[in-house]
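Q: The primary structure of each chain is shown beneath.
Number of protein chains: 2
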Amino acid sequence: MASAPPSGSAPPSEGAAGFRQRLAEYETLLEIGVELAGTLDRQRVLELALQHAERLCRAETGSIWELDEERGELFFRVVRGQVAGRIRDLRVPLGTGIVGAVAVSGEPALVTDAERDPRWRGDAASEFHTRSVLAVPLVARGRVIGVLQLLNALDREAFDADDLRRLRLFAGPLAHALENARLHEAEKRQFIDTVTALAEAVEKRDPYTGGHIRRVVCYSLLLGRELGLERSELERLWVGAALHDIGKIAIPDAILRKESPLDDEERSTMERHALEGAEIVARVRSLRPLVPVVRNHHERIDGNGYPDHLAGEAIPLAARIVAVADTYDAMTSDRPYRRGLDPGVAAAEIIGQAGRQHAPEVVAAFARLYERGELTLAAGEELLASLSGHPDTD
Amino acid sequence: MASAPPSGSAPPSEGAAGFRQRLAEYETLLEIGVELAGTLDRQRVLELALQHAERLCRAETGSIWELDEERGELFFRVVRGQVAGRIRDLRVPLGTGIVGAVAVSGEPALVTDAERDPRWRGDAASEFHTRSVLAVPLVARGRVIGVLQLLNALDREAFDADDLRRLRLFAGPLAHALENARLHEAEKRQFIDTVTALAEAVEKRDPYTGGHIRRVVCYSLLLGRELGLERSELERLWVGAALHDIGKIAIPDAILRKESPLDDEERSTMERHALEGAEIVARVRSLRPLVPVVRNHHERIDGNGYPDHLAGEAIPLAARIVAVADTYDAMTSDRPYRRGLDPGVAAAEIIGQAGRQHAPEVVAAFARLYERGELTLAAGEELLASLSGHPDTD
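Residue numbers (numbering that gives the first Met the number 0), protein chains in the order written: chain A, 0 to 393; chain B, 0 to 393.
Excised from the complex, chain A in its bound form (with noise of 0.2 Å):
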C-alpha cells in the first residue's frame, strides 16, 4: 500500500538521543491519526491535518488538495497563511506543477529550490515567495485523492529526506480520514436529494403546489438558524421540512386536485395528511425523532389547531418552524381559487398572529429575517449548499 510506513526506513542516526526523538515523533503521529480518525467532518479533518504537518515539519505554510476526477483537475480544499483568501480558488489541471505531478505519478516532491525544478509554475500571489517545496500523494483505497504540500521550510534551507519520510507517514491517516469524511458527506447528501426527490414527486400530483417544498425548507432553515440551532439540528429539521407534507401521498385525487375550496368532511380527509404523513415516517426507526414535525406542522400555539390540538411548547420546535415557514409560503402562492398575497402583506399578516396562530419566537426570527431581506429562496439555497458540503464536488 502506497500510504505504508515505507519499509526499511533509515533507523535514526544519534544513538539514545535520535531514538527518543523518533519514538516522540511516532507518538505523536499515532495521536494525531486517532485525532483525525474521530471526525468525519471534512473541513474539521482538513484543518487539523494541515496544522499538524505545518507543526511536524516546521513549514511556513500549507495547502491539501483535492483530486476532482472528472474535471481532471486538482483543487485547493484548504490553505493557510496570509495569501489564503487570494489564491482559494485555484485550480491545477492534473500533470501541471509539482502538485500535478505529484497526483499524476503517486510519488512524493522533495524540492530544495523551487525556480531551478522544471515542473514550477511561480507563485500564484506575488506577496508569496516560495523557496522549498514538500509534497507528498494522498492515497486511500488504492487511488490517489490528493495532495498535501508544504512550502518554505522554517529556519533552514529545505526540507529534507527525515520531514518527507515523516510526512509520508502522516499522508496514511489524513487520506483515510478525508476519503471517509467524503463517503459521509455524500451519503447524507444522497440522503436528502433522495428524499426531497420523492417528496417533490408527491407534491406534483397537486398542480397548484409547485416548489412548495423546496420553499417550506428553504424558509424554516433560515428560521432554525435565526433561532440558533446548530448544524445537526438544521440537518434533521431539513429531512423534516421536506417530508412534512409526505401524508399527501394517501389523499385522494378528487380532494387533492380539487379547484374549489373544500367541504367540511372533505376538509377533514384532507387534513389526514398530517396523520398519514406520520405514519409513514414512524416505519424507519431512525427517522423516529421527525414524527412530531410532520405530524404537528399544522398545530396553533392557541390550541386551535390539528390534529392533536397542542398548545404552546408542547408543540415541538421544529413543527413550530415549519408551521411559519408553510403558512407564509401558502400566503404567498397562486391558488386556483385566489391569487397569492405580497409578501409584505402576508409578513404583517404573520407576525399579527405571534400568540395565536404562531409562536412568538419563531414569529419574531421571521420579522428578523423579513426586515432584513433575508427571507428568501436565494438566501435558502445558500444556506442548503453550506450544510450540503462543498457544492463544486460532488
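Hints listed in this document are in silico derivations from the structure and should not be mistaken for laboratory results. Be aware that a few hints might be false.
Put simply, identical chains are the same to the list, so a pair is met inside one copy or across any two.
[What the hints assert, rightly or not] Cut-off 20 Å, straight-line C-alpha distance, at most; resulting in silico cross-link-like pairs (EDC-like, lysine to aspartate or glutamate):
| # | residue 1 | residue 2 |
| --- | --- | --- |
| 1 | K187 | E381 |
| 2 | K203 | D192 |
| 3 | K187 | D40 |
Since the structure of chain A is provided, determine the placement of chain B on it from the hints.
A: Here is chain B on its own, set in the frame of chain A:
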C-alpha cells in the same frame, strides 16, 4: 482523550535493542491504523483487528464486544478460536464480569489469574480454560463503545504492563474505525429503509398491490445473488427494485384504482409510470445509475416491451432481473378481476417465456431457486438482513 497514547509511557528498558523494538512496534501500529481506517466494512474491521491484537500481544485467543446501550448489555462482535461457534450468542449485562466492568469503568483490566479475580464468572465453554486476561475499553468520540479482550498469554505466565500499553495504543484506531463503520452502516440502512417506506406509501394508493414492492425486492435480490452479483451490486439492485414502480405516483387514481381491465388509452397512461419513475430517479445525481432499472423493467427480451423496445443484452441486467421478479409476483397475487395463479403454474409460465418475455440466464437462475424451494419471502428477508448489517443492533 482516553484512547490517546498514555502520556509519560515508560521508556524502553534495554538500550538500543529495546528502542529498536519499540520503533518497530510503533511502525506496525501506524500501519495497522491505516489498514483499519481504510475499510468501512464492520465485519472486516473486526476480523482484522482481532488478528492484529492477538499477534501484537501474543494471546491464545480474543474477542471484541460491542456495547448495546439500549439494553445495557455487551455482546460478541467477533471471537476467534475453537469454541467460537458455541459462545457467539453470549450477552453480558453491563457491569458483569471483567468485560462488563471494563465497559462501565472505562479502565483496562490486566488479570494474571482469572480464577482469583472477584469479577471473573467462569468460562462459558468447558473446553476452554482461561488463565490470564487483558481487556481494554474501546472509546470513540468520548464514549465507550465496546471492549477488546485477549485471553491467555502465549509462552508465558500472563500478560504484562507492556502488553497493556501496546493494546491501549491499538484501541484508539480500532475504536474509531469501528465507530466509522457503524455510522456508515447506519446511514446506508437509513437510506434504504426510507426509500422503501416512501415507495411502499406510493404503492398503497393501489389497494391491490400490498406488499408487492417488498416481494419484488426479495425476489430480485435472491435472483441477483444466484446470478453471482457482488454485495455492492446487490445493494444497488435493492434500491432499484424498491423504486421500480415509483413513477406510479404520477398515475391518476381513476386509472391506478380501476377495478376492471384497462382500455388502450388507459393502458398507455399506465405504462407512462416507467418514464415518470425514471425522471424522478434521474433528479438525484448519485441515483442516476438506477435510471435504467426503473425505466426498463417492462422491456421484453424479444424487443416487444416498453418504453424503449430494447431487446436482449441491451436491457440492463438489473432490469432483466426485476422484470422476472415483478412478473412472478404479479402472476401469483390476486387482482380485482382475477385470482392469483398457483406458484408452480406461474413458475412454469415464466420458464416457458425464456428468450421471449424474459432473459434466459435470469430464467435459469429463477428455475434453480424455485426448484430448490428458495424463492421465498423468508429467504429474501434473510438476505436483506445480511446486507444491511447485523439485524440485532441497529
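Q: Flag every earlier hint the structure violates by its number, smallest first.
A: Going through the list in order, the structure violates no hint and respects every one.
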